[in-house]
Amino acid sequence: MISLQRVTKRLGGQVVVDDVSLLIAAGTTHVLLGSSGSGKSTILRLILGLLQPDAGEVKVDADTERPSRSIGYVVQEGALYPHLTVARNVALAARAEGWEDARQRTRLRALAELAGLDGELLDRYPAELSGGQRQRVGLMRALMLDPPILLLDEPLGALDPITRAELQTQLVRIFGELRKTVVLVTHDVREAFVFGAGIALLNHGRVVQHGTFADLARRPASPFVAEFLRAQAPPPEMTREL
Amino acid sequence: MKATLVLVALCATALWPSPAPSQPSAIRVGSKSFTESYILGEIVAQIIDGAGEARPERRFGLGGTGIVYGAIASGDIDVYAEYTGTIAQAILKTPAVTSVEPLRAALAPLGLTLSGPLGFENTYALAVRRDAAQRLQLRSISDLAKHPTLRAAFDPGFLERPDGWPGLKAHYGLAFADVRIMEHALTYPALANGRVDVIDVFSTDGQLARLDLVLLDDDRRFFPPYAAVLLARRAVAERFPRTWAELQGRLVGRIDTATMTRLNALADLDRRPFADVAATFLGDTARAPRAARSGRELLTPGRELVTLTVEHLELVVIAVAVAMLLGVPLGILAARRPRLAQVELMGVGVLQTIPALALLAFMIPLFGIGTVPALVALCLYALLPIVRNTHAGLASLDPRLVEMTTVLGLTGWRRLAWIELPLASVTIMAGIKTSAVLTVGTATLAAFIGGGGYGTLIVTGLALNDVATILRGAIPSAVLALAIHAAFEGLDRLVIPRPLRGGP
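As they're listed, the protein sequences go chains H and A. The numbers in the first sequence follow my numbering, run straight up by one, and end at 242. The numbers in the second sequence follow my numbering, run straight up by one, and end at 504.
Among the clues, some could well be false.
[What the hints assert, rightly or not] Among the chain A residues that face chain H by a calculated CB cut under 8 Å, a handful are:
1. 403
2. 408
3. 499
Keep in mind that the hints were calculated from the coordinates and are not lab data. Fair warning: this is a prediction, and the values are worked out from it, not measured in the lab. Built from N, CA and C at the ideal position, the CB exists for glycine as well.
Turn these sequences into a full structure, and let the hints guide you.
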């Protein structure tokens, strides 16, 4: 379970997260939706403990000694270490935990299969992979210690549309299989629709509405909600042509 | 910064055991880095050898008065040839006292003593070309005041000392169109080529006759007498009375100006080794071969190159290794503590601005002369590129990659060793490479405080105004710089992870 109670965070003199309260039940998937600067990434970093709130309280069901056991974190383009092979990148957290090599290898093979990554790529360096492959590696690294919570910050942001659609489908399947508490940040309404059991729409550091896609579409809490959804919807003529 | 200095010093000392606190049977003979001083040093060494009481140990070419006097004051050498005027002005700061007796009395509390005057004076004098002297009717220094368009070149010592240019200028009311600072040996060709019109010389310079120069008369008696004497540690003079008596007996009143000028010319013009020249004076040619075993200038070129290369490499490798061991951690510290970084980078930056010779001179009271102070100074110089690049490499890492280490549970040394240092390795290695190549060059200055290496040839060559000798030191030094650079390129392949290297 993740809970934020009246959390405020200022960065560089600006209020980035403004009195936000969120409750995310264990085993559910939630999407933080909003345009850039809406504070959604900052909320992830507050959950991760990389930032401390200026006011309010962040509570996470996590091993406070070793948060890496409890929370996996995936960012845009993977943030892989260029000097380490794929296998080394993925196994970093396990190495820090002192896992034996054999255990690491078994886990690596299982993760490669789960993420749909060709096993041969494990010995390559990140620069030798495609964007989609790097993103899969980023996911594998976050899942190495099998943490109950998975945080993803624009995981598909830098991909071409076809790869993006393909990975979306696979991520939905993976989240379904793993039954983890997932919080995914995106600015893309379509992605929010595909992933989100619960969607929190953010604007200027505030949660404007928190509910299902249907709630947001049918009962928008403010004109902003309707406007945000409509701005990214394909024109009706296009849907008809397709 | 003080702590850093002490640390550097400790490290250098720990890595390099002090050059054996000389065995009791050795008398260490020093010299400054000009021909006459080398010759007198060699003469003294050969007499000590002949007296049989103690073995002479040659510590020649120790830069100027500051360095060689520092060496005798700190007990790193036992005896060298000095001039009364210099002792009065530059050492005791009592310009009025010029005769030997009161000087000896003034030196006694410092644990030093003087021999009687050797017989010649080597005073400062101003020289001009003969054609210019005739054209402008120059006979005395007073005549120069009538020609303010003349250009002068003075060596740094003369330019600074109160008994040099500043005093002379005031005493005679002189003014020149241009006054340059040049290494003494280089002022001769500058004068001969007509680049300058007036230079300062020593009255016993061997070059005076060959270049057909005119010495201007000190008609208003400005220059104090510079009678040559031996300056020695009293303890040594008392411990080896027979040697000290022998030195006095064979030298006091025995070298007149003509003799000294002739000996200087033998070395400067005829390119005779100092040991040879000294033996000629002592009328004992049989001793020359014996001196050859210890006198560096008589080594075969091949042996000499090997010896100097080993010494030079030793200086560079140890200095850079210590600078790496200190510089990388200092750079890491600076990257972790931004506020400390300012102070730290400024500190190593300031070190870099201290002229190399001055830094070497500062080392003498702390570490004496020889390899240790040279290493400490070189190490301090080598620090800046390493500290700065380590700091820059770590501070400029992608913050997302650094943040991810926390998320993955990598802390402390794991974060540093697995992620940060490998990622910054290209920048850090570039700093180390810069530092190593610079150190090869700077290490040539080590010879000024007896640190050895290629600089020995350069210092000797400068003293003799012998370009060939200078090149014998300078060319291998340049080659070594290239070789070190290539070696570090090789090290890159070991240290920098393949994907970060660029290229295949």
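Could you tell me which of the numbered hints above are not met by this structure, giving the numbers in increasing order?
Those not satisfied: there are none.
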